[in-house]
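From first to last, the protein sequence lines are chains Z and D. Everything in the first sequence is counted per my numbering, starting at 1 for the first residue and increasing by one. Everything in the second sequence is counted per my numbering, starting at 1001 for the first residue and increasing by one.
Careful: at least some of the hints might be erroneous.
[Unchecked claim] Here are a few chain Z residues that face chain D, going by a calculated C-beta distance under 7 Å:
id, residue
1, Gly137
2, Gln138
3, Lys141
4, Leu144
5, Gly148
6, Val272
7, Ile316
[As the list claims (entries may be wrong)] Some chain D residues flagged as far from chain Z (calculated, every beta-carbon gap over 10 Å):
id, residue
8, Gly1006
9, Thr1015
10, Leu1016
11, Lys1036
12, Leu1038
13, Ser1132
14, Leu1137
15, Glu1148
16, Leu1184
17, Leu1194
18, Arg1224
19, Gln1294
20, Leu1297
Note that these hints are calculated values from the structure, not bench results. Here the structure is a predicted model, which is why all the values come from computation and not from measurement. The beta carbon of each residue, even a glycine, is placed where N, CA and C say it ideally should be.
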Amino acid sequence: MTELAATDPLPKPKRDIAPILLPIALALVTIPLIGSPSTWLTLTAASLAMGMMIFIMASGLTLVFGLMDVLNFGHGAFIAVGAYVATLVFAPFAASIQADSLWINLAVLAPAALLSMAVSGALGLIVERVLILPVYGQHLKQILMTTGGLIVAEQTLYALWGPQIIPTPLPTSLRGSFILGDVAIAKYRVLATLIGLAVFVAIQLVLNRTKLGLLIRAGVENREMVEALGYRIRRLFLGVFMTGSALAGLGGVMWALYREQVHASMSDELTVLIFVVVIIGGLGSIGGCFIGAILVAMVANYGGFLVPKLALVSNILLMVAILMWRPRGLYAVTSR
Amino acid sequence: MMILSGDPPRSRALTLVLVVIILALAATPFLFPGAKALNVAAKICVFAALVASYDLLLGYTGSVSFAHTMFYGIGSYAVAIALYGMGPNWAAVATGIVVGLPLAALLALAIGLFSLRVAAIFFAMITLAVASAFQVLASQLSWLTGGEDGRSFQLPELLRPGTVLVSKSLFGFEINGRTLTYYLVFAVSALMILGLLRVVNSPFGRVLQAIRENRFRAEALGFRTVFHLTYANCLAALVAASAGMLNALWLRYAGPDTSLSFSIMLDILLMVVIGGMGTIYGAIIGATIFILAQNYLQSLMGVASKAAAEAGLPLLPGLLHPDRWLLWLGLLFIASVYFFPTGVVGRLRNVGGDKSPGASH
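Let the sequences and hints guide you as you build the complete structure.
Structure follows, in structure tokens:
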């Protein structure tokens, strides 16, 4: 046995890279199956963009679960609220959105996204205080409460905006594609990928490089210990919950522009997708959530191209396959 | 008491409410004329059984499943497709039952074995994912299921409205095939609810409650919890599929909106929580309240909405619009979970209940 001196750095935990290789392997395997490299590149770009949007929406959910053992079945409501709030900004500035200048377009998009995040975050505050705090620590009631919250939120959106589908056309400068040789990559997908990557990097930096992140990670691993050290983990949790809600709102805006329409039932469709991602990634793991989102998007895009019929159940098949391999998701962070 | 498996309502008020509901349902064809009343009554019967089977899962084992409508839909579609494909005869009904029930049980077994080993939360998420995939599948396989349009079919001769069994001149009431179908729905639903009462009051049901209260301890006592949970899941799926079959027979139709949609799942959740979890009787009360509200509250809200619009109030007309009735039930749902988790049944038991031993949990 070798003794560790006090000055020695702690032994680094072994990095588990198998899950990281998984999407790369999946992408490589599909090259010969798809045949044409240009189609493959387009599909891969589409998967990355879709994966990033799903990641943005799912990241809050997985952190909230990891930190506080709270599963929010109403997470989809924040997505829908974010999207609806953005339409409030889009409608009066329709002319600026149609203007053929990237800067004018972004001058509308950025405030819209920020407002959406602010409103979803504020809603997160209310939901956490009103719905989750009273049933803290009781899984069954949490699921019921948040599902009830989802119903109420969805119905309120219908009541305020009406049941019709609201079109959200893409700004002019984000339409069309970059053409590189015979590869076409939609401009909006590049933007979505960049935003997604930025969010991922920002979350990773906060979690790994700041004291706040240290506390959050410690809380995920052992809540009582962090509390025993004198930190108010409830306040930390509220912050994480609001951030997660705000991110869901941002994801909602991006998804609305991606689909070019907003509807209150969009939360239902996305909730399922997000749950699959969170389960695949391992509850509480940001890295797992990131990889899971890309995997889900890849299976949806490649699968949709290769075997359209299979694409309907591809998410379930992917989830079953991953859980067979690692029963607690790609990265099992929590001991729960 | 035998018929209730030694688990009576345990409250005078509750007994009274239940007796009124059941008598009203039993006499609907004679008391309330018109197709709407009969439709509402049949729906209450079907949903009471469906919600009771969900209560077996939610109230007695404490696991939240979002796949209950999937089993309900399997039952509906099995009967519908069989009657559509084989023509209106009893062999087709039998085929639907023989195919539908094992299919539901097998699927429940697969889901149970796959996800019940882990935490309740995993089960909830996985059932949600599986159910949504099944819903998409059912709407896409249109050669089999009729896609979004669903399948309409004819019933066997005996159950058709045109078949007059007892003519009006005899008792002053006409008893036709429709009445007979209603009593079929009523009787089978009642049998299933009584059967579920038997299950939850059996030693098996006690183990389920033990698992709900403390799974770790139940396991330490030597019960194979995965076996018990999966078994309960299969039983609930079988009852749900049977309820789906009754629903299809009554509507003479099976489609995504009436038997598979996620909103039905939310309806079931609302009914079981408002009625009272872990009581079985709550299912009857929850289903009655909910479906009466669904059918009659809406017109009331329409009047209120109009009045608010004429008075020039902002927001209120939108909030009171008849289509927004679910908003109010959603708020009631949250309030129920928060303030009276035992639902209407628990309330009634506390108010006018006789304080016999074991009356309080």
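For each hint, the structure was consulted:
{"no.": "1", "hint": "Gly137", "result": "13 Å, violated"}
{"no.": "2", "hint": "Gln138", "result": "9 Å, violated"}
{"no.": "3", "hint": "Lys141", "result": "6 Å, holds"}
{"no.": "4", "hint": "Leu144", "result": "5 Å, holds"}
{"no.": "5", "hint": "Gly148", "result": "4 Å, holds"}
{"no.": "6", "hint": "Val272", "result": "4 Å, holds"}
{"no.": "7", "hint": "Ile316", "result": "5 Å, holds"}
{"no.": "8", "hint": "Gly1006", "result": "26 Å, holds"}
{"no.": "9", "hint": "Thr1015", "result": "27 Å, holds"}
{"no.": "10", "hint": "Leu1016", "result": "28 Å, holds"}
{"no.": "11", "hint": "Lys1036", "result": "24 Å, holds"}
{"no.": "12", "hint": "Leu1038", "result": "29 Å, holds"}
{"no.": "13", "hint": "Ser1132", "result": "4 Å, violated"}
{"no.": "14", "hint": "Leu1137", "result": "6 Å, violated"}
{"no.": "15", "hint": "Glu1148", "result": "14 Å, holds"}
{"no.": "16", "hint": "Leu1184", "result": "33 Å, holds"}
{"no.": "17", "hint": "Leu1194", "result": "26 Å, holds"}
{"no.": "18", "hint": "Arg1224", "result": "18 Å, holds"}
{"no.": "19", "hint": "Gln1294", "result": "14 Å, holds"}
{"no.": "20", "hint": "Leu1297", "result": "14 Å, holds"}
Hints 1, 2, 13 and 14, counting from the list given before, are not met by this structure.
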